[in-house]
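Start from chain A and add chain B according to the hints.
What follows is the residue order along each chain.
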Amino acid sequence: MEISMWNEQAKVPVTVFHLKGDLASEELLETRAKEAFAAGGRDFLLDLTDAPYISSAGLRALHSVYMMLRDADPADAEASAKGLARGTYKSPHLKLLNVSRNAKKALSVAGYDMFLEMFDSREKALNAFG
Amino acid sequence: MKAASFRFPAATLPDLEDMRRFVEQAAAELGASEDAVGELVLAVNEATTNILLHGYRGRAGHVDIVVERAGSDLLIRLHDAAPLFDPTLVPAPDVTLPLEMRAPGGLGVHMMRQFTDELRYRVTETGQNELILVKRDVLPAPGG
Chain A
631 MEISMWNEQA
641 KVPVTVFHLK
651 GDLASEELLE
661 TRAKEAFAAG
671 GRDFLLDLTD
681 APYISSAGLR
691 ALHSVYMMLR
701 DADPADAEAS
711 AKGLARGTYK
721 SPHLKLLNVS
731 RNAKKALSVA
741 GYDMFLEMFD
751 SREKALNAFG
Chain B
7 MKAASFRFPA
17 ATLPDLEDMR
27 RFVEQAAAEL
37 GASEDAVGEL
47 VLAVNEATTN
57 ILLHGYRGRA
67 GHVDIVVERA
77 GSDLLIRLHD
87 AAPLFDPTLV
97 PAPDVTLPLE
107 MRAPGGLGVH
117 MMRQFTDELR
127 YRVTETGQNE
137 LILVKRDVLP
147 APGG
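So the protein lines, in turn, are chains A and B. For our numbering, count along the first sequence from 1 and bump the result up by 630. For our numbering, count along the second sequence from 1 and bump the result up by 6.
None of these hints come from the bench; they were simulated from the model. Be careful, since some hints might not be right.
What the hints assert, rightly or not - Partner residues are not named here, just some residues of chain B that face chain A (Cβ under 10 Å, in silico):
1) V43
2) G44
3) V47
4) L48
5) N51
6) L59
7) L103
8) G114
9) V115
10) V129
Claimed, not checked - Now the stretches of chain A that chain B is said to cover, found in silico as 3 or more residues with beta-carbon under 8 Å:
11) 650–663
12) 686–700
13) 727–739
Said to hold, decoys possible - Calculated pairs, EDC-like style, for lysine to aspartate or glutamate (alpha carbon to alpha carbon, straight line, at most 20 Å):
14) A:K650 with A:E632
15) A:K734 with B:E23
16) A:K650 with B:D100
17) A:K650 with B:D24
18) A:K720 with A:E753
19) A:K720 with A:E708
20) A:K650 with B:E23
21) A:K734 with B:D100
22) A:K734 with B:D41
23) A:K734 with A:E665
24) A:K641 with A:D703
25) A:K712 with B:D100
26) A:K650 with A:E660
27) A:K664 with A:E638
28) A:K650 with A:E638
29) A:K734 with B:D21
30) A:K641 with A:E747
Every residue, glycine too, gets a C-beta built ideally from N, C-alpha and C.
Next up, chain A with everything else stripped away, as it sits in the complex (with noise of 0.2 Å):
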C-alpha cells in the first residue's frame, strides 16, 4: 500500500489521506497518520477510493487514528462517551470517502461503520468537516 498526503482547505483544514492498495496493515497508515498530526492536522479524510479491500490489521489502523484524533479534542471524547452507545455519534475528525463495497463490509462487521461516517462525494466530506 501507499499513501499520498496533502491539506485541502474546507471550513476547516483538512488531511487528505489517498490510499492505492489494500489497507491491511497498521505500521504505514498510523505512521503517516502521526506525521499529519505532529503537523498540527485534526482533520483527517481518508480516500480508499483505491483501497479496495480492508483487514482486521487495517481496522486496527483505523482505530489508533481515530482514537488519537479523538483524544486530542475534549469536546469530542465527550460526545462519543454520550453518543456511541445510542449510536448517534460520528466522529467529528476522521472521515472516510468512495469506501468499496468489500470495505464496507468489514467496517459493518467490526461495528465501525457506527462512528466513521462515509462519503461518496469529495466536497460533500470535506464540507462535513468543521
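Frame of chain A, contents of chain B only:
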C-alpha cells in the same frame, strides 16, 4: 475448472496481497458472485495473516491454498506447518462495546466467521494445520 491451488513455499507478510488476488481470481473463475468472492477474500486474508504473523511469527513458512468446488459450495483449504492452532476455538469479541473497552485481537477470527458459512479445522495426517473456509450455495451448477 473444479479446483485451483497455489503453493507459497516460503510465504511472508508481503505475499498476502498475492494470496488475496489468487483467491479472488480462483473463486471468480469457479463462478462465485462478486459478493461471495469479496467476502471470501476478506476471510482468507484474516486466516493467512494469522498463520504468517502468529503461526510463523513473521518468519517465512509454507502456506498452501486450495480453492475448490463441492457441489454448489465453495471451499478454501489452507495448509500450513506452523505450530498447531485451532482458530475456530477463539472466542468472539464483543463488537458492541465502546472501542476503548474492547479486548485487542479476535477481530480477524470474527471476520472469518462473519464472512463464511462454516470454518472447519483439523490436524492433517502429516501433523499440519488445515483450515477449511466454506461458503455455501454460491456456485452455479457445473456446466450451467
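Which numbered hints turn out to be false for this structure? Structure breaks hints 10, 16, 23, 29.
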